[in-house]
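2 protein chains.
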Amino acid sequence: MRSAVEPLKARRIYLLLRDRIIAGDLPPGTRLPGEPALAAEHAVSRVTVRRALDLLDKEGLVQRKAGSGTFVHDTRSVRPIVADLSNVLSHLIDMGRSTDVKLLSFGYGLPSEGIAESLGMKPGERVQRSVRVRLIDGVPFSYLTTHVPEWIGLTYSEAELAARPLLELIERSGVTTERATQAINATLAGPEAAAALDLEIGSPLLTLTRVVYEPAGRGVEHLHALYRPDRYSFHMDLVRTGNDGERRWSPALGWPRASDKGKADKTKPEKNKQGDKPTRAKRTTKQRS
Amino acid sequence: MRSAVEPLKARRIYLLLRDRIIAGDLPPGTRLPGEPALAAEHAVSRVTVRRALDLLDKEGLVQRKAGSGTFVHDTRSVRPIVADLSNVLSHLIDMGRSTDVKLLSFGYGLPSEGIAESLGMKPGERVQRSVRVRLIDGVPFSYLTTHVPEWIGLTYSEAELAARPLLELIERSGVTTERATQAINATLAGPEAAAALDLEIGSPLLTLTRVVYEPAGRGVEHLHALYRPDRYSFHMDLVRTGNDGERRWSPALGWPRASDKGKADKTKPEKNKQGDKPTRAKRTTKQRS
DNA sequence: GGAACCTGTATGATCGATAATACAGGTTGG
DNA sequence: CCAACCTGTATTATCGATCATACAGGTTCC
Numbered sequence: 001m002r003s004a005v006e007p008l009k010a011r012r013i014y015l016l017l018r019d020r021i022i023a024g025d026l027p028p029g030t031r032l033p034g035e036p037a038l039a040a041e042h043a044v045s046r047v048t049v050r051r052a053l054d055l056l057d058k059e060g061l062v063q064r065k066a067g068s069g070t071f072v073h074d075t076r077s078v079r080p081i082v083a084d085l086s087n088v089l090s091h092l093i094d095m096g097r098s099t100d101v102k103l104l105s106f107g108y109g110l111p112s113e114g115i116a117e118s119l120g121m122k123p124g125e126r127v128q129r130s131v132r133v134r135l136i137d138g139v140p141f142s143y144l145t146t147h148v149p150e151w152i153g154l155t156y157s158e159a160e161l162a163a164r165p166l167l168e169l170i171e172r173s174g175v176t177t178e179r180a181t182q183a184i185n186a187t188l189a190g191p192e193a194a195a196a197l198d199l200e201i202g203s204p205l206l207t208l209t210r211v212v213y214e215p216a217g218r219g220v221e222h223l224h225a226l227y228r229p230d231r232y233s234f235h236m237d238l239v240r241t242g243n244d245g246e247r248r249w250s251p252a253l254g255w256p257r258a259s260d261k262g263k264a265d266k267t268k269p270e271k272n273k274q275g276d277k278p279t280r281a282k283r284t285t286k287q288r289s
Numbered sequence: 001m002r003s004a005v006e007p008l009k010a011r012r013i014y015l016l017l018r019d020r021i022i023a024g025d026l027p028p029g030t031r032l033p034g035e036p037a038l039a040a041e042h043a044v045s046r047v048t049v050r051r052a053l054d055l056l057d058k059e060g061l062v063q064r065k066a067g068s069g070t071f072v073h074d075t076r077s078v079r080p081i082v083a084d085l086s087n088v089l090s091h092l093i094d095m096g097r098s099t100d101v102k103l104l105s106f107g108y109g110l111p112s113e114g115i116a117e118s119l120g121m122k123p124g125e126r127v128q129r130s131v132r133v134r135l136i137d138g139v140p141f142s143y144l145t146t147h148v149p150e151w152i153g154l155t156y157s158e159a160e161l162a163a164r165p166l167l168e169l170i171e172r173s174g175v176t177t178e179r180a181t182q183a184i185n186a187t188l189a190g191p192e193a194a195a196a197l198d199l200e201i202g203s204p205l206l207t208l209t210r211v212v213y214e215p216a217g218r219g220v221e222h223l224h225a226l227y228r229p230d231r232y233s234f235h236m237d238l239v240r241t242g243n244d245g246e247r248r249w250s251p252a253l254g255w256p257r258a259s260d261k262g263k264a265d266k267t268k269p270e271k272n273k274q275g276d277k278p279t280r281a282k283r284t285t286k287q288r289s
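Residue numbers (this note's numbering), protein chains in the order written: chain R, 1 to 289; chain X, 1 to 289.
Heads up, some of the hints might be wrong.
[What the hints assert, rightly or not] Facing chain R, from chain X, some residues (calculated, C-beta under 8 Å):
id, residue
1, Lys9
2, Leu144
3, Thr177
[Unchecked claim] Part of the chain R face toward chain X, derived, beta carbon under 8 Å:
id, residue
4, His73
5, Gly174
6, Gln182
7, Leu205
I should point out that these hints are in silico values taken from the structure, not numbers from a laboratory.
Here the structure is a predicted model, which is why all the values come from computation and not from measurement.
For every residue, glycine included, the Cβ atom is placed at its ideal position computed from N, Cα and C.
With the sequences and hints as input, model every part of the structure.
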């Protein structure tokens, strides 16, 4: 009967080792068990173990030395960018790193039902849809799909969208934005996002869905963002609030931030090994925040 | 040369359709193109398309009717649980839904380097490590790995950990917790987490890593949580703050929450079809928060 | 009823992933 | 130097995923 489409064994072992490395169970510098040992441990052939190690190697998680062994690579050099809740990269820009935006798609049309509902639009109303990719130091890290009601979208041009932050353009049109809701989740990379973010299909992605409202309560922007988790993550400081029976954590508002012990700071610009696919930009423009 | 371990084609098509469904591109009720059409569109055989649809069907994203077609299932019945930033499920509990905890592992030992560093421990100091699974209405949705310095862990028993929230036990030991930092990210399910959360290996997961500090700055708890994205997501309301040049989004503190338009509310308890694996609990206890 | 679509199911051929095995060459430590 | 490990590489065999094709049966609509 049904054979249950088991994912590739190599991938299974890859994920297992990857988890142990990331969880710190295999600290940087550790020598992994030899390929024959791993093969025996997981009851697979050595060829399969090698493929798993190849994947880890390609991601820079391990370093292989012929004749010597396979070692866990020092992870600290590939720490992801951290952004606070508001999804602001300001301190990165302060550090002199440049963020660019590439506009992949731009057009008008009818919104899907879910978008229309969350923007509170009447049936038949049209939206502007755009797809952008954000790069930091030339490396793509987020894939943004935005939907904006047509009457706002018409106040700026395609070129302006590629050059300025969308929220700025919206506010320039006379709309004031005050409230927003957002949800953070996880998903797998589909073909388009995978290509844009230079990933394999099926890689994990962080998602952020944000809907921005104007004071009257109508939605003015629907943002769906996909982030490479190895290059981006949400970070926040919490303080314990509330009275005895109802104690909980609340985000510590307002900089200065609490824990800046020089920990995840000197994020090196990624070694950019394997010089494949120079990511020829279709339309790239400097843009802040 | 290298054949690049392309993920299974069926999985590729599955992901593609899944993205379009979740993104709202294919609204609930829509009839998908026929299997022959999809096969042609993606240049694969019909058998492969069927396997992709099988996966979507198994996840409840589509519904197939012999002779009629394949339809996008009404997604609203499988909306994920929403938790606010502080990771509190209080309003769910208020709604009468029960959360249980299953303790999978408990023990003492030396921490990995990363854990030790984030807890600010001296070399040689030991930690208590525990792995728990949280269920809501009997369905697992999170996989928690916690590390606590031994001197705190010794103040409570294994049975207590299975019955009470960890932070409560820590505070009971005399430590006051005031600050914490946390990061949200995404990853793929490894074998253990996949088994515990009733998922396929390689499924996407939300991760939350939180380190809790006592006033003196020593870490007292390291929490690594994995969440099923289809059953859990982080949600927050934002307000626009800051002066002109420095406008940004800040979390809207303090309930009452802004957007409760009865949207993601009536989350039905999941149909629990396919009665396989009755999830026999090893050690299950009611627990709040 | 009947044409035209659909899903469900079965078949044998093909191709890639995996297994089992063998050997070459580097590294380490006695 | 040499024994004992390691990674790198190659070979052949097997098994599962995929393909191409065909047919059965349900649904829809004219």
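Each hint tested on the structure:
1. Lys9: Lys9 of chain X check fails; min Cβ-Cβ to chain R is 10 Å, beyond 8 Å.
2. Leu144: This hint is violated: Leu144 of chain X lies away from chain R, its Cβ roughly 13 Å from the closest one there, beyond 8 Å.
3. Thr177: holds (6 Å)
4. His73: violated (14 Å)
5. Gly174: Violated, because the Cβ-Cβ distance from Gly174 of chain R to chain X comes to roughly 15 Å (cut-off 8 Å).
6. Gln182: holds (6 Å)
7. Leu205: holds (6 Å)
Checked against the numbered hints above, the structure violates hints 1, 2, 4 and 5; every other hint is satisfied.
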